[in-house]
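Chains as they are written, first to last, in my numbering: chain A, 2 to 283; chain B, 2 to 283.
Treat the hints as calculated values from the structure; they're not laboratory data. Here the structure is a predicted model, which means the values were calculated and not measured. Do not rely on the hints blindly, as some may be mistaken.
[What the hints assert, rightly or not] Derived pair list, reagent style DMTMM-like, types lysine to aspartate or glutamate, alpha-carbon separation capped at 20 Å:
| hint | chain 1 | residue 1 | chain 2 | residue 2 |
| --- | --- | --- | --- | --- |
| 1 | B | K21 | A | E262 |
| 2 | A | K272 | B | D267 |
| 3 | B | K3 | A | D199 |
| 4 | B | K29 | A | E7 |
| 5 | A | K83 | A | E7 |
| 6 | A | K28 | B | D81 |
| 7 | B | K29 | A | E172 |
| 8 | A | K39 | B | D267 |
| 9 | A | K29 | B | E56 |
| 10 | A | K21 | B | E56 |
| 11 | B | K266 | A | D25 |
| 12 | A | K149 | A | D134 |
Protein chains: 2
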Amino acid sequence: MKTYLECIPCFMQQALRAGKMSTDDVKKQKLILDEVGKLIPSFSMENTPAEYGSEVYRIIKEITGVADPYKQIKEVSIKDAKELIPYLKEVISKSDNKLLTAIRIAIAGNVIDFGVDVPFSLKEDIDKLLVQDFAINDFNYFKSAVKKAKNILYIGDNAGESVFDKLLIEEMGKKTIYVVREIPIINDSTYEDAINSDLGEVATIISSGVKAPGTILSQCNAKFLKLFKTADLVISKGQGNYEGLSDVNRPIFFLLKAKCEVIAKDLRVKKNDIVLKGINLV
Amino acid sequence: MKTYLECIPCFMQQALRAGKMSTDDVKKQKLILDEVGKLIPSFSMENTPAEYGSEVYRIIKEITGVADPYKQIKEVSIKDAKELIPYLKEVISKSDNKLLTAIRIAIAGNVIDFGVDVPFSLKEDIDKLLVQDFAINDFNYFKSAVKKAKNILYIGDNAGESVFDKLLIEEMGKKTIYVVREIPIINDSTYEDAINSDLGEVATIISSGVKAPGTILSQCNAKFLKLFKTADLVISKGQGNYEGLSDVNRPIFFLLKAKCEVIAKDLRVKKNDIVLKGINLV
Numbered sequence: 002m003k004t005y006l007e008c009i010p011c012f013m014q015q016a017l018r019a020g021k022m023s024t025d026d027v028k029k030q031k032l033i034l035d036e037v038g039k040l041i042p043s044f045s046m047e048n049t050p051a052e053y054g055s056e057v058y059r060i061i062k063e064i065t066g067v068a069d070p071y072k073q074i075k076e077v078s079i080k081d082a083k084e085l086i087p088y089l090k091e092v093i094s095k096s097d098n099k100l101l102t103a104i105r106i107a108i109a110g111n112v113i114d115f116g117v118d119v120p121f122s123l124k125e126d127i128d129k130l131l132v133q134d135f136a137i138n139d140f141n142y143f144k145s146a147v148k149k150a151k152n153i154l155y156i157g158d159n160a161g162e163s164v165f166d167k168l169l170i171e172e173m174g175k176k177t178i179y180v181v182r183e184i185p186i187i188n189d190s191t192y193e194d195a196i197n198s199d200l201g202e203v204a205t206i207i208s209s210g211v212k213a214p215g216t217i218l219s220q221c222n223a224k225f226l227k228l229f230k231t232a233d234l235v236i237s238k239g240q241g242n243y244e245g246l247s248d249v250n251r252p253i254f255f256l257l258k259a260k261c262e263v264i265a266k267d268l269r270v271k272k273n274d275i276v277l278k279g280i281n282l283v
Numbered sequence: 002m003k004t005y006l007e008c009i010p011c012f013m014q015q016a017l018r019a020g021k022m023s024t025d026d027v028k029k030q031k032l033i034l035d036e037v038g039k040l041i042p043s044f045s046m047e048n049t050p051a052e053y054g055s056e057v058y059r060i061i062k063e064i065t066g067v068a069d070p071y072k073q074i075k076e077v078s079i080k081d082a083k084e085l086i087p088y089l090k091e092v093i094s095k096s097d098n099k100l101l102t103a104i105r106i107a108i109a110g111n112v113i114d115f116g117v118d119v120p121f122s123l124k125e126d127i128d129k130l131l132v133q134d135f136a137i138n139d140f141n142y143f144k145s146a147v148k149k150a151k152n153i154l155y156i157g158d159n160a161g162e163s164v165f166d167k168l169l170i171e172e173m174g175k176k177t178i179y180v181v182r183e184i185p186i187i188n189d190s191t192y193e194d195a196i197n198s199d200l201g202e203v204a205t206i207i208s209s210g211v212k213a214p215g216t217i218l219s220q221c222n223a224k225f226l227k228l229f230k231t232a233d234l235v236i237s238k239g240q241g242n243y244e245g246l247s248d249v250n251r252p253i254f255f256l257l258k259a260k261c262e263v264i265a266k267d268l269r270v271k272k273n274d275i276v277l278k279g280i281n282l283v
């Protein structure tokens, strides 16, 4: 997905939000906005928003010295998500369609996003998403792909959401590689966050090598690229991964909630819609 | 009022919105964002947001050649507002407190604002504001000041809102000077808009001389400044005028709806609250 002009004011908002998370020094917060502002002329609309996201967070790190402003928030998100696991396991076990319910829960976890300015209430959002209609629903293709697959490449998104990804991985019951970011960026899952989410119990965890809040193939390491090429099934969670992978020529299933107008527009759905979308399906 | 850091992403949003109103050329729209971005380092937080607003719209004019992107919208707003006049006159005539009702209607007109990203539905918003509690209500002071005043300086804000200002001016029944912007900026009232709103029937219309979306005393012309100094009562409508006048050392009554978090914070009220606030009252 290319960058839309609407992403530019949003970068400024993210810069301010993460700047405030990183420092109380108002002069430094202003300096972050100055530097992001000066960068705008160099933004090509041909790149994905996630690439600029990484620039914004690089500036914040340079100015404040804080590499992981969302560290504590990620820990709390994981803890909060874990507390819901007994409830969610019961929901799945009582469900007529366990796989679809696990998908819904994995998408619900996608609301734990501090990159967008959307407040959330985890338990309430989950309960809504358990009954919300899909705007795009390629479930039958997905079910069939899971059944055929011997191995799955599962590209994670936010910390906390990762805890719910575990439920879906368990439900699918296949050999799974879980992919995380190379470094802390917004509240996206790193290796450490995935371990804290107990994903090591159900999957092999690897880094994509990417330092941006999404999956940008040109920045991925060789290990990831090999697995991406050969995996029987690729699952991509969330907006940032969609941004990087939506135009890639291989079958991928995107599981996400459209939390901003730009992503919604690109997917031809409405903001707040939930999506299970397969591309390049054969 | 000083500029808050939160205003900076908002300038970018305004730039994009007004840029899209001015041209369909995406390259020019991007160029507008580039130029506004480059300007951010020069923004001092000591100035008022309205001053930067004028810079943003100057850039749009330079790049697109369009001096008045909201011209048509302003004409429609005035027409829509005029259609509600018979209904609103009846509301006032049936009211127990005609002056307060006319104030409420004048504040309701303040929702016609294309500078903030808040959709509105005029008739519905008016009906809500007719019963909404004031977060700050200096009505008794205001009533007394109107009673004593021989002349009133009434600083207008948006086109459309201007039509409702006429009802309040009629209700006050005093000699009134109505103040407009020097040039078109966002959808703020110019001399032409005030004439189209039939304000010439109840007031003398003058320009403040300001080219920004607010009243910045250092930019005002001598005529306005003399009247501002000598008027028995000064009424200031809307956010932009509040930004410029909130720290001025003379009695002023501000009538507005807090349409953004920054103004709400500065006034110590909540977003969407309505305010009739007097400063420096004796």
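So, going through the hints one by one against the coordinates:
no.: 1; hint: B:K21 - A:E262; result: 16 Å, holds
no.: 2; hint: A:K272 - B:D267; result: 31 Å, violated
no.: 3; hint: B:K3 - A:D199; result: 48 Å, violated
no.: 4; hint: B:K29 - A:E7; result: 14 Å, holds
no.: 5; hint: A:K83 - A:E7; result: 35 Å, violated
no.: 6; hint: A:K28 - B:D81; result: 45 Å, violated
no.: 7; hint: B:K29 - A:E172; result: 50 Å, violated
no.: 8; hint: A:K39 - B:D267; result: 28 Å, violated
no.: 9; hint: A:K29 - B:E56; result: 23 Å, violated
no.: 10; hint: A:K21 - B:E56; result: 26 Å, violated
no.: 11; hint: B:K266 - A:D25; result: 18 Å, holds
no.: 12; hint: A:K149 - A:D134; result: 26 Å, violated
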